[in-house]
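S.K.: Sequence:
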Amino acid sequence: MKLSESLEGIGRAVAYFPKLATFLGGIKAGVIFGQLFFDSKDADESGWFSKSQEELAEETGATIAELRAVRKEFAERGILESRYARLEHRLYFRINRARLEEQWLKYLTRNGQVRKSHMPSWDLADGDARKVDFGSDPENRENKRESSAPASGNK
Numbered sequence: 403m404k405l406s407e408s409l410e411g412i413g414r415a416v417a418y419f420p421k422l423a424t425f426l427g428g429i430k431a432g433v434i435f436g437q438l439f440f441d442s443k444d445a446d447e448s449g450w451f452s453k454s455q456e457e458l459a460e461e462t463g464a465t466i467a468e469l470r471a472v473r474k475e476f477a478e479r480g481i482l483e484s485r486y487a488r489l490e491h492r493l494y495f496r497i498n499r500a501r502l503e504e505q506w507l508k509y510l511t512r513n514g515q516v517r518k519s520h521m522p523s524w525d526l527a528d529g530d531a532r533k534v535d536f537g538s539d540p541e542n543r544e545n546k547r548e549s550s551a552p553a554s555g556n557k
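Here the sequence shown is numbered in our numbering, starting from 403 and rising by one per residue.
No false leads were mixed into what you were given.
Derived lysine-lysine pairs resembling BS3-like cross-links, with alpha carbons at most 27 Å apart:
#	residue 1	residue 2
1	Lys453	Lys430
2	Lys443	Lys474
3	Lys421	Lys508
4	Lys453	Lys474
5	Lys443	Lys508
6	Lys508	Lys430
7	Lys474	Lys430
8	Lys474	Lys508
9	Lys443	Lys453
10	Lys430	Lys443
11	Lys474	Lys421
Read the hints as simulated data drawn from the structure, not as lab findings. A quick note: this is a predicted structure, and the numbers were derived from the prediction, not measured.
Throw the hints in and build the complete structure from the sequences for me.
M.R.: In structure tokens:
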């Protein structure tokens with residue numbers, strides 16, 4: 403059987419947001435949080451939802467040890483609460499959205515400045531290269547462009 407045919411039958415893909423992964427501490431954290439956030443749509447009125455570690459491991463590809471480590475980091479940051487209901491034998495989670503937003507804003511800003519994007523440079527039709535970089539100083543960008551331009555007469 404071809405790989406492309408096999409991929410269609412092995413289950414669903416889990417997408418993640420690279421920027422979110424960077425903010426949360428890595429790809430594993432980004433994937434796990436993304437899945438928990440997706441599952442939070444089924445939360446009760448107080449924000450709690452149930453998910454077993456086995457289900458979460460199957461959905462994300464993470465091991466139980468990786469899940470515990472990431473959950474511990476999320477708990478230390480105050481963005482995820484969890485509780486185990488012994489009588490029900492169920493694990494419950496709640497995302498602290500206010501804390502998440504607070505940390506996200508701190509991540510996006512530093513000393514009141516929006517973080518630079520990591521957008522690639524694009525070559526324009528006139529041969530000039532531009533970098534879309536929100537939050538950078540346009541004057542420095544112009545100086546940098548002039549200093550990197552080839553000296554006139556050298557072709």
